[in-house]
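Start from chain W and add chains Y, U and H according to the hints.
Protein chains: 4
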Amino acid sequence: MSLVLDRNALETAIAVAPFHRWLGVSVREASDEGIVLELPHRPEFSADDDDPYTHGGVIGALIDICGDYAVAAQLGRDVPTIDMRVDYHRPSIGETLFAHGEVLKLGRLLAVAEARIYNEARKLIASGRGVYFVGET
Amino acid sequence: MSLVLDRNALETAIAVAPFHRWLGVSVREASDEGIVLELPHRPEFSADDDDPYTHGGVIGALIDICGDYAVAAQLGRDVPTIDMRVDYHRPSIGETLFAHGEVLKLGRLLAVAEARIYNEARKLIASGRGVYFVGET
Amino acid sequence: MSLVLDRNALETAIAVAPFHRWLGVSVREASDEGIVLELPHRPEFSADDDDPYTHGGVIGALIDICGDYAVAAQLGRDVPTIDMRVDYHRPSIGETLFAHGEVLKLGRLLAVAEARIYNEARKLIASGRGVYFVGET
Amino acid sequence: MSLVLDRNALETAIAVAPFHRWLGVSVREASDEGIVLELPHRPEFSADDDDPYTHGGVIGALIDICGDYAVAAQLGRDVPTIDMRVDYHRPSIGETLFAHGEVLKLGRLLAVAEARIYNEARKLIASGRGVYFVGET
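Top to bottom, those sequences are chains W, Y, U and H.
Going by the working numbering, the first sequence opens with residue 76, and the numbers climb by one from there.
Going by the working numbering, the second sequence opens with residue 76, and the numbers climb by one from there.
Going by the working numbering, the third sequence opens with residue 76, and the numbers climb by one from there.
Going by the working numbering, the fourth sequence opens with residue 76, and the numbers climb by one from there.
Pulled out of the complex, with its shape left as it was, chain W reads as follows (with noise of 0.2 Å):
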């Protein structure tokens, strides 16, 4: 599958949303073989005061913005979520987090992609899927 949006226009097309900006989601690497998005913590995402390890929301989040921009990059436009799952696997702590985007299947109704966080030390944090709509509405 080739690719339609680089890395720039990733980047502007992920900006348009108060929502990234706020999270600050940022485009790392844009191939034909999926994309790479970088997540700085920020004190805001903690889920506890006294151990302030990142919500599992936030991760959530993540892993919808990393698929949905996986499906993104070889469509030219992002695309509504029908459905998303995360399965937690380790816990992170204030470090800046790495999603991997991987688009298993691009129909003429329907996508589907898989994203894997990692921490910097690449330790997989989390990994899920997401369900995209893309067809014509």
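Worth flagging that the hints you see were computed from the coordinates, not collected in a lab.
Be careful, since some hints might not be right.
Covered stretches of chain Y (chain U as the covering partner; in silico rule of three or more C-beta atoms under 8 Å from a C-beta of chain U) [said to hold, decoys possible]: (1) 150–164; (2) 174–183; (3) 197–204.
Taking CB as the label site, the calculated pair distances span [claimed, not checked]: (4) 210/U to 181/Y: 35 to 43 Å; (5) 117/Y to 103/H: 48 to 56 Å; (6) 83/Y to 87/W: 40 to 48 Å.
Every residue gets a Cβ at the ideal spot worked out from N, C-alpha and C, and that includes glycine.
The following block gives chains Y, U and H in isolation, referenced to the frame of chain W:
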């Protein structure tokens, strides 16, 4: 099943997380049947500058939080999420969301809780589930 | 939502599939609130010769079928499954299972249905969801 | 991760289940990278007398089994499924299916495994995940 944490105790437990405070989640109801959380809109939730529907990542986070504290209300403590899934049913634009959480199964090791998110007009916006680890770690 | 296929029409629709006939699924109830399917045990369902609990694959199939025909009862035809998820709550050994299906959302393009599986003692064995494509293809 | 059960030991473990024997699952490969299962078609798998594509319930069962034995190959025993999800990508008609299973995370309490199902032409038919309990019970 009976309630261990009442509305006020849940409110206090939820406020421990910086991410919950940033979102602005509060507890509207807590009873033996389940809990209801309330999330007023904030501009940073939007998925698009020009078309300000609430981002799926915010909605996913609310599903996770609602399922978690539905379990916490019965167990007396919040619990780590194993996995989470969201189905998106309708867009929501700039309005307060209400998340209804219900425990489907509270076992010795695992709990499953379901959450449904409604808008002010009582339309179903999204729904989903979380699986939580409730055993000793 | 109102019923388009009644109990007998659903029974006929379900019997079109060789896999449903092999499983032995029948329709116990069909109303505006949802449907109830019945699945008597057969020895081939067992997951272990020595410990004959019903295989998760059989239970997953029943979730998919129940969600699909809950949609079909309202739409008048069965529909292709986009994705499906099952949570396993308790083992079931050698007993008839009852699957309660309910449509959560019937849209123009997509439907989401939920199913809960009970045993004869009315204990919750498993529950889950299917997402179905209901648009024109 | 290293293999504890080789191809023959996996084959023996899988054959313990009457449901696996009825399906006709066999082990084609088992290595440190994962496992490959093979499922020849049988007429009872069909979802329609006139349009004999393989039923989603059979495909879901294969995802569950493949994830489970990908874990078993590393752990030395099969494990109870906590939850399972399947995405259906393409219909498959009357052909042998190949399920590739890979362990994403093997923890002290939980394991997550992914499975992808291909047909004889190497087209991706379905993919999904299982979460398994691997702790002491």
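Here's how the hints hold up against the structure:
Coverage of the stretch 150–164 of chain Y by chain U holds [criterion: at least 3 residues with CB-CB distance below 8 Å; count 3]. Check on the stretch 174–183 of chain Y: 3 of its residues sit with their Cβ under 8 Å from a Cβ of chain U, so the three-residue criterion for coverage holds. Against chain U, the stretch 197–204 of chain Y contributes 3 residues with a C-beta closer than 8 Å to a partner C-beta. That satisfies the three-residue criterion, and the hint holds. Distance hint for residue 210/U and residue 181/Y: a CB-CB separation of about 38 Å, consistent with the stated range 35 to 43 Å.
The hinted range of 48 to 56 Å is satisfied by residue 117/Y and residue 103/H, whose Cβ atoms lie roughly 53 Å apart. Checked against the given bound of 40 to 48 Å, the beta carbons of residue 83/Y and residue 87/W, roughly 46 Å apart, stay inside it.
Checked against the numbered hints given earlier, the structure satisfies every one of them.
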